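2 protein chains.
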Amino acid sequence: MLPSPRKTGPSWQSIAEQAQKHRDASLALVQPPLPTITDLALDTSSVPKTVLTAEELSITESDPVTLLSQLSTGTISSKQVAQAFLRRAALAQTLVNCITELLPATALERASYLDTYLQDNGKPIGPLHGLPISVKEHIGMKDLTLNAGFISWHARIGAANAHILDILLEAGAVLYARTTQPQTLMHLETSSNLYGETLNPFNRTLTSGGSSGGEGALVGLRGSCLGIGTDIGGSIRSPAANCGVYGLRPTSHRLPLEGLSATMLGQEHIVPVIGPLSTSLGGVKVFMKTLVDARPWVREPSLLPFAWKTESQLRVFGAGYKGIKIGVLWDDGVVRPHPPVTRALNTVVAKLKSLPGVEVVEWKPYKHDWAWTIISSLYFADGGSEESMAIEASGEPWRPLSEFIIKDNRNVKKGGLTVREVWDWTIKREEYKAEYARLWGDVDVILCPVGPGAAPPLDHARYWGYTSQWNLLDYPSLVFPVSRVDPAIDVVEVGYVPRNDKDKYNYDLYEPNKYVNAPVSLQLVGRRYEDEKVVEVLEYLEEKIGLPFEKFF
Amino acid sequence: MLPSPRKTGPSWQSIAEQAQKHRDASLALVQPPLPTITDLALDTSSVPKTVLTAEELSITESDPVTLLSQLSTGTISSKQVAQAFLRRAALAQTLVNCITELLPATALERASYLDTYLQDNGKPIGPLHGLPISVKEHIGMKDLTLNAGFISWHARIGAANAHILDILLEAGAVLYARTTQPQTLMHLETSSNLYGETLNPFNRTLTSGGSSGGEGALVGLRGSCLGIGTDIGGSIRSPAANCGVYGLRPTSHRLPLEGLSATMLGQEHIVPVIGPLSTSLGGVKVFMKTLVDARPWVREPSLLPFAWKTESQLRVFGAGYKGIKIGVLWDDGVVRPHPPVTRALNTVVAKLKSLPGVEVVEWKPYKHDWAWTIISSLYFADGGSEESMAIEASGEPWRPLSEFIIKDNRNVKKGGLTVREVWDWTIKREEYKAEYARLWGDVDVILCPVGPGAAPPLDHARYWGYTSQWNLLDYPSLVFPVSRVDPAIDVVEVGYVPRNDKDKYNYDLYEPNKYVNAPVSLQLVGRRYEDEKVVEVLEYLEEKIGLPFEKFF
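Chains as they are written, first to last, in the UniProt record's numbering: chain A, 1 to 553; chain B, 1 to 553.
Just chain A, with the same shape it has in the complex:
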């Protein structure tokens, strides 16, 4: 039984106003203050260099691995680094609306502590000494909000830090920024009635992606070099791809999830995961290794007690080149990717084919439409009643993409599934996973799109298949930037006859000029628990074929 929408108390609008005031007040504490920016361009990426100091630009545009090296030796101070990222994050908020609050006081205090520690001890406190890390809002922080995108949850406060934050702090991180997420956390965009819409830094008419879209936009604008997102259908990878940065959805049960706020807690049919978005692959790797090395399974028993593998997962030949077999999935057979995505794939594949040791084969999609039926039947097994309750308790309106994924989703059963129906879908899920496993043979990784196009215009991200596919299969999947939409080259495919309604929707969406400047990314996917191999393959390819082909900063 759903409770009636609240009739008394503050209106949802006044709660939203209060949340935004809190955010703005936290930004106002960042010193020195930023100038007011009046004339916002479509592409915001040129703004930082007009506002920030040379030192701030240099720090914030550094690879996190470089920063860590400088921080650990005292070449730069933690305070300098925190200060630079605080200012750039505040600027990012002005440009693309990606922040729920900044934490200048605690961040600078912690940075000072770390600087003193280094001076006193002559060594860094841990592997992340002094590195600022940004955090999606629904990952709990002690004494801070934990609204997960719902107006009615605005008064929820974190009782303690999430497990993952405890580990990162222990390793030396500085937490300085909290980022936006959509209503329900179940959009591949980021819009909520609390904070409005998060925009794409490279084209403000497009979405930053979601649900970790605050992270995507912030990391995309270099207001963060390493951030934490969560992913149950594409929520790390969509914003990483849309904003031209790296994002990894690790295999389940490797990284700690304790202390997150969300609907459907206790649900295990499709396990959500937590993972990094970063400006470099090195950032992704140091994040994973630090967390796994901390043995999080001791505190959180659902996690698996297996180390982060550091030995090579690939065959290495005498000539020093690696043996890698890559399956290329051009199109999932359901929704055809837009021309810029196919061009990016084409360019990468052409270069791969020239590498010794690398073998490229076609990866035929296997019933990806059925995969979506399974996963979307399991997502809201309670009929979406928790989301409905959380939305309607405050009287806030349903966002279009909440309606789309719950109310208009024919795989969500009104009133919820019975336990036996959940078990039946679970059996189908496992059968599908076994069928898909048989396709691998000796393929090492799959190379594929991250979505059916670059970042779409707001409220149009309605096809999850290119990311949710790997959530269903629980495969590690890594997004990396490749190129940019070029309307002059990436013209509409004339005469294409869509296969189905979803395909038609996506085909009709593509007008090259609307996508100008948008980053184009691709995805590398591995077998379950081959996270290390996926990262290693991308390291090798980046070195050999010079990815990304276009720089965003």
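Treat each hint with caution, since some may be false.
One copy or any two copies: either way a pair holds, since identical chains are not told apart in the list.
Claimed, not checked - List time: in silico DSSO-like cross-link candidates among lysine-lysine, alpha-carbon distance up to 27 Å: (1) Lys533 to Lys309; (2) Lys428 to Lys551; (3) Lys353 to Lys433; (4) Lys289 to Lys309; (5) Lys142 to Lys428; (6) Lys309 to Lys407; (7) Lys142 to Lys289; (8) Lys433 to Lys142; (9) Lys551 to Lys21; (10) Lys544 to Lys364; (11) Lys428 to Lys413; (12) Lys428 to Lys502.
The hints are simulated quantities; they were obtained by calculation from the structure and are not laboratory data. Small disclaimer: the values here were computed from a predicted structure and weren't measured.
Use these hints to put chain B onto chain A, whose structure you have.
Chain B only, in chain A's frame:
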């Protein structure tokens, strides 16, 4: 909605008769035929030596590791070994009713093939070359029954071998015997309307345990040296303990489950596991290593792709002794173990305390009654409707222990839980797991009872807590034989005041003379995924303190 009991077709009695005739016909094919045994003693363990040849006795009472060594070099032939175990298994059926069918034709044919292979190739076909393995009936075999203990399922036939059998066959095993299980598979005993009751080889008034009680009795009587059971609440460990053999409940998702027949398929709240019962710890180890080494995760993606660790998991000191910290759980705080169990623990602990490097500490039980509430609320999340349907479809009567665990269990909600209720119990389960994890500190293993007594009289195994506790926590748990009930020493604890109804039931149950001869076993428990450590600790203790203290053959 449950279907009405069937009104037409054969009666359940005639189906049972047919199943037993099929079993008897399969036994009749074993050559040379066994003599008729008329005068069955309470303790059947002296019968084999009056019936079998010296060679058959020698083979069937050998450690499986010794057999494998002899088989791999051709010192004994696969055919000799299969023949010996077929005869002893047929005898075991006569004595304790543990078999659903024998497979003499296929087993001997396969054994001949293996003998030829060894002769032709000069090497064994795999690590289990020629080893006979017995199999619980609900583990599917191609073209054979798959009734899982229900009359109404008697016509179900395996479409293919279960995944685990494919691997064992590939490794050289000979499958020759299929064993009994109880109605619903959810008893810690073994009685069904298809085959009746399986008895304890050492005292026929007691149960063999269950649900893998056919395996327990067969391995206990040395009609098998290595068998496969399944466990969701104690179903490997109860029969292993009751019958004086080794049994391991591995951590979940290590061994293949594909191809099993049971109710509640698709249920993941409490993951069932498959594992070995064996006459030696070496048998347990070779089983685990062979299966994990076969990389079963490639075919069955729910499994974890991690090797069986062969390097020592313990601290080793210069003097060559191992550093092991053992927590001793004497009593779970809910139901006090009977005197023979406490005596076994006392004897082992006294010896442990004299070992250098071994530290013994008390392990205080933490809310084991709450653990039972959680697990028994999650077992039959559909309200037991599948079990009811499967029982009532044929008109067969409910067995007392089926009634006990489903109909009389106040944690089974009529009509089943809602999806949200399942999630709530799942959250409670994870919280409890996290709380329990905090207790470990630097303890390596927990030593504890396997049940609240030795094997009870039939229909009296009503306390699961000493085994289900570790299913809830998903801890690897290994049962090993220690001693035997001695009514002269193991007298009733006079003046004990039971703490609750369950404790009173168990206290009242103990009359020393009724338990005469019954094996007494203990359990070693490790942290999640520390299966290798648990096995290693027991190997070390067996060597150092000479377990078991009494031999059963």
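Alpha-carbon proximity between Lys544 and Lys364, which holds within one copy, between copies, both or neither at 27 Å: within (26 Å within a copy, 58 Å between copies)
Could you figure out if Lys142 and Lys428 sit no more than 27 Å apart (CA to CA) within one copy, between two copies, both or neither? Result: close only across copies, 22 Å inter versus 40 Å intra.
Tell me, please, which holds for Lys309 and Lys407 at an alpha-carbon limit of 27 Å: within, between, both or neither? neither (43 Å within a copy, 49 Å between copies)
Within, between, both or neither: Lys289, Lys309 at alpha-carbon 27 Å: both (9 Å within a copy, 21 Å between copies)
Copy assignment of Lys433 with Lys142, given that the CA separation must stay at most 27 Å: So Lys433 and Lys142 pass the 27 Å test across copies only (23 Å; inside, 39 Å).
Is it within, between, both or neither when you check Lys428 against Lys551 at 27 Å Cα-Cα? Cα proximity of Lys428 and Lys551: none, with 43 Å in one copy and 48 Å across.
Since the copies are identical, ignore which copy is meant and state whether Lys428 and Lys413 lie within 27 Å (CA to CA) inside a copy, between copies, both or neither. Classified as both: same-chain Cα gap 17 Å, cross-chain 26 Å, threshold 27 Å.
Homomeric proximity label, Lys533 with Lys309: Cα distance no greater than 27 Å: both (9 Å within a copy, 21 Å between copies)
Up to 27 Å CA-CA - Lys433 versus Lys353, copy category: neither (29 Å within a copy, 49 Å between copies)
For Lys142 and Lys289, with the copy left unspecified, which applies at a CA distance of at most 27 Å: within, between, both, or neither? within (25 Å within a copy, 45 Å between copies)
When Cα atoms must be at most 27 Å apart, do Lys428 and Lys502 count as within-copy, between-copy, both, or neither? Classified as within; 23 Å inside a copy, 40 Å across copies.
Should Lys551 paired with Lys21 be assigned to within, between, both, or neither, using CA atoms and 27 Å as the limit? For Lys551 and Lys21, neither the intra-copy (35 Å) nor the inter-copy (77 Å) Cα distance is at most 27 Å.
This entry does not satisfy hints 2, 3, 6, 9, going by the numbered hints stated previously.
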